[in-house]
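Asker: So you can see what is in the structure, the chains are spelled out below.
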Amino acid sequence: MAAPARTPEQETARTSFRDELRAAIREALRADERVFLMGEDVGSYGGAFGVSLGLLEEFGPERIRDTPLSESGFVGAGIGAAIAGMRPIVEIMTVNFSLLALDQILNNAATLLHMSGGQVGVPVVIRMTTGAGRQLAAQHSHSLEGWYAGIPGIRVLSPGTLQDARHMLAPALADPDPVVIFEHGSLYNATGPAVPPPASYDIVSAAVRRAGNDVSLICHGGSLPKVLAAADALAAEGISADVVDLRSLRPLDGATIAGSVARTHRAVVVDEGWRTGGLSAEIAAQIAELAFYELDAPVERVCGAEVPVPYPKHLEDAALPAIVDIMAAARRTVG
Amino acid sequence: MTSARQNDVQEPAHPRAERDGEAAPEPSEQTKHLLDLAGQMLLIRAFEERCVELYSSGAIRGFIHLYIGEEAVAVGVNAALSPDDAVVSTYREHGHALARGVPPEAVMAEMYGKATGCSHGRGGSMHLFDAGRRFYGGNAIVGGGLPIAAGLALADKMADRSRVTCCFFGDGAVAEGEFHETANLAALWDLPLLLVCENNLYAMGTPLAHEHAQTDLAMRAASYGMPAWAVDGMDVVAVEKAARRAVDGILAGNGPHFLEMRTYRFRAHSMYDPDRYRDKAEIERWRERDPIPLLMRRLPAGTADLPEMTERATAAVDRAVKAAQEAPVEPVADLLRFVTHEGA
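These protein sequence lines are chains A and B, in that order.
Sequential numbering from 0 applies to the first sequence in numbering that gives the first Met the number 0.
Sequential numbering from 0 applies to the second sequence in numbering that gives the first Met the number 0.
Treat the hints as calculated values from the structure; they're not laboratory data.
Glycine residues also receive a C-beta, built at the ideal position from the N, C-alpha and C atoms.
It is possible that some hints are incorrect.
[Claimed, not checked] Beta-carbon label-pair distances, calculated as ranges:
(1) A:32 to B:187: 17 to 27 angstroms
(2) A:175 to B:288: 23 to 33 angstroms
(3) B:321 to A:198: 53 to 63 angstroms
(4) A:31 to B:189: 17 to 27 angstroms
Starting from the given sequences, assemble the full structure and let the hints guide the process.
Answerer: Structure representation (structure tokens):
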């Protein structure tokens, strides 16, 4: 994805993942009166992670709507409002809490169009935080986006860049079907230069964030910065990594994944979710299906350890994909 | 079959005087309305009794949850709703769909899994939909329709539309968290939501007192600060009156209302259920309060011809079955349709 041209002022303007998410929500609220934001503490608190700070003042409590702690209730209300023509953005504090709303997301949002024979569409956007790295222990740190990616009927997005934080929301709201967006908690404070808006924005394709010839490093969301750092370090060792940022977890862009593997003949899948039955397993299976004869080495996976995320920093770090783990896996494929 | 809110009464399809071709006295508007309600209940009854036969013969499959005995609730509540209002229902929703005006042909074709079904055959008995009539299913997760109904009502409130969303659910759903989340949300936000609890005394096979520490369900709803009361769910006149009062309150801006309809299903929970948990004498006692004869007895002498009305209902079901039998199935090549709009 080529970066659009920037003016020198824009080149120097810095922004953050959180600010870009907020700018996207603000823009959507200004552009379409059917859009509203709903969730726990999205109003005067400004969102559990500060994403909606200041929006209540601009748009008022009807459109920046605090909800009771009723995940199933307010996610279902978002689904109902979407059926009735609104374009709700529903914020769930974390993916762990989203399990309380899984009935609504799976049994209703993802299913109503089909059960009704195409009559009842659910154009809702559900945003939630995912991932570990902040010592929040086992009920605020998991990466369950792979589970959601297994559900037919929903689109699952995982922004890993400022540009995606800023520009994925509008096409998600334009989608007539439900879209679930995962925001990795470690990315909110990530900063970089502001990028001017593109003319159109694709939320279907994976992106090659760094081109290389020796090994494909396939990742998404919060793992992307680690993978890019690993790729830099590998380059110093003479290993040229092709970094694929999945961006969309459902549908998966198998063509871009297979295209990368066809260039490098080796693949390392990096995913903070659990290894067993996880998203990494699906990607490895797709590589086996789509690019088996291109492979010169077994597919490697670097995943979250099979343990509820522990509180102490040294144990949490050990449970998560680390740059050194990614490098070691890459070396094994070329070794 | 949907009554307009503006009119308390609706023209019956075939006024009796015309059929007789003689100068019978014109029934009053109220009598005509009651005859219409009776016709709707008879249609639902005939439809479901045919479902039993069709299920037994293997023509239709899946779970079939019969509404026989509870018809007064669907018919009476619907009489108080306007075509602009929305309805969210449960897996025991044949009666709600038919009362809402979904054609028997479309409902029966759905039972057959045919492409002409009201959900294109994809839903079956438990997932009847008709978006054009604002009939939003057909939800087979107990309590799962409640938050959606709150959302439909929220959209109306935000867009300043004067209409009501009616959500049907059973006594079992009152034990679900989604009921309490929705009741709180609806009361907190003053949503134009009519909560109709069909208390048929059993959550599948579990009696009310075995699943609820407090069996006064209306009282529990009232604890959320909404008007809530119990209604004789076997008496269609009482049901309609209560529903009108609730709808008026909702449209006046008084927020959600809860009606506990005390009713009873004469049949087992589903076609799979051997019904071992209910005393036969109890069932017989409730059958004495069958909502259809109860209504017929209220009609002025000489205004209702029950055999003729029954025959008309049966004929409508015959036509529905014939149409369903002759309707096409979807080709297997279309399997992945309706998963997303792309594939629809």
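Asker: Please go over all the hints and tell whether each is borne out by the structure.
Answerer: Verification of the hints:
no., hint, in the structure
1, A:32 to B:187: 17 to 27 angstroms, "holds (23 angstroms)"
2, A:175 to B:288: 23 to 33 angstroms, "violated (47 angstroms)"
3, B:321 to A:198: 53 to 63 angstroms, "holds (56 angstroms)"
4, A:31 to B:189: 17 to 27 angstroms, "holds (24 angstroms)"
Going down the numbered hints, you'll see the structure goes against just number 2.
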